[in-house]
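*Asks:* Here's the letter readout for the chains.
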Amino acid sequence: MGRLSVSLCGIGLDNPVIPASGTFGYGYEFAELYDINCLGTFSFKGTTLHSRPGNPLPRIAETASGMLNAVGLQNPGVDRVISEELPKLAECFHKPVIANVSGFSVEEYAEVCRRFDAQPQVGWLEVNVSCPNVHDGGMSFGTEPKAAAEVTRAVRAVTSKPVIMKLSPNVTDIVAVAKACEDAGADALSLINTLMGMRIDLRTRRPVLANRTGGLSGPAVFPVALRMVWQVSQAVRIPVIGLGGIQSAEDVIEMMLAGASAVQVGAANLVNPCTCRDIIRALPGTMDRLQINTLQEIIGGSHGQ
Amino acid sequence: MKQGQFTILENTALTGRVSRLRLGGDVSAIVRPGQFVDLRLEGFFLRRPFSVCDRDDASFLLLYERVGRGTELLSALPPGRTLDVLTGLGNGFDPEHGGDAPLLIAGGTGLSPLYGLAKALLKRGKSPTAILGFNTASEVFFEEDFAALGIETLVCTADGSRGLPGFVTAAMDRRHTGFYACGPEAMLRAVCETSPMPGELSFDQRMGCGFGACMGCTVLTKKGPLRVCRDGPVLDREDVLWAD
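Top to bottom, those sequences are chains A and B.
At position 44 of the first sequence the residue is numbered 44 (the working numbering), and the sequence of numbers has no breaks.
At position 131 of the second sequence the residue is numbered 131 (the working numbering), and the sequence of numbers has no breaks.
The hints are simulated quantities; they were obtained by calculation from the structure and are not laboratory data.
A virtual CB, placed ideally from N, CA and C, is assigned to each residue, including glycine.
Errors might be hidden in some of the hints.
Listing some non-contacts, in silico: residues in chain B with all C-beta distances to chain A over 10 Å [what the hints assert, rightly or not]:
| id | residue |
| --- | --- |
| 1 | Ala-13 |
| 2 | Asp-26 |
| 3 | Ala-147 |
These stretches of chain B come out as covered by chain A in the derived footprint (C-beta under 8 Å, 3 or more residues) [claimed, not checked]:
| id | region |
| --- | --- |
| 4 | 203 to 210 |
| 5 | 217 to 230 |
Just chain A, with the same shape it has in the complex (with noise of 0.2 Å):
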């Protein structure tokens, strides 16, 4: 055990610096540039049972230290990402991996996890009930705690491998959602998916993205994130991934201290493809100067304060 490694679920993480889905490609884009098998893990762009176009352009706009997009779960479906996008990830990539799942159903969850599930590469599901991009699905199994609870129950039927649960900010009580998933069966968390938001252009009078609202992520939502990731890691007994801002080793230590196990980068590989391998070298030299031994012993070290 190195000092920056952590544990989720039983299986092991050379670091806790995952990027998040729809951040991070496949991985090759990266792997371009730095030995993407430096991360701890990383978390492929979300998954759907068909292939979705994703929603009409622009689905980006820049935000005061963040961005919004609205880029509607775009990708090939299940069997494609299978029989084509696994087989080149396991070129650049020798770790399990994490594996985004969304749907606009129980069912459909719960048909992309069995398909997954038969999947060496795959070492964790993360079931998305949070994306606010997409109408009829996503967000809305992640708004309820009763319906948190019938996805997480639905896919920990059909999958042996360890079933995290993506939370939505866009509630009142995030930590009845986290308890709802956590009774049905979830092995983690993973807190928060972008917050819903929009701009308007001034010249033209039109939301500035063609799906009018989108999700902001950046730096701007931080402590959201750290906040929510704080209530809900006191308030369960299974891991929390911390993910909403982060950018710095700085941040990571933040993360962990509110009680994230692991934590996901986002926005920022979009800006610095380069982040994660950043975070990870800068990390043991900010652990020396904050007289941190190891990151395991950290995580929650803010709660009762």
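Chain B: place on chain A using the hints.
*Replies:* Okay, now just chain B, sitting in the frame of chain A:
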């Protein structure tokens, strides 16, 4: 794709709206005309993508229009300042696609990547003709630079204040073997509707990352969904599905 620090060697206004920016550094990732770079600007979260106009062994040239807060800030940066740049992005033009006597058709700053392409075509012994479209005479720039390459260079203005009156399509004729076009989407479409010749089009879209990770700039084509930043920005006219 490479990430590196580049030094501003030159950053000067060409017209009331357009500036030229020369950046020095490791240009080895820029291998084809029509590729682009993504600049990080202090105070802005996302990078700004710009087509490469020209390159030499140690620097490259960008032409950019000052259209918003990002490009206004960029225009104020003095020589000597450094910028974090992703280079070698996108596919670039195929210099064989347009045959031996291709047209280079530009709308405004769309002329930028076509300049580097013109030089590459000349190196291959081809005879390109440039058609540069602008709104009005005061916006005309880079005409002499194209002409200095020794190629026929036609200027069109929408208001007729300079060169041929009207749009670039007015200057297109049938003596040519193909075309390369870069400019507003309406112009690209009009060019395709005017001529059945083989052609390549360089597209511009709002991008998140610029290197294929975020799916923020995907367009639906006859080949399926393609990322303008990674699978483009240059698309074969035959693959483009025009919106209704």
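*Asks:* In ascending order, which of the hints set out earlier in this document are inconsistent with the structure?
*Replies:* none
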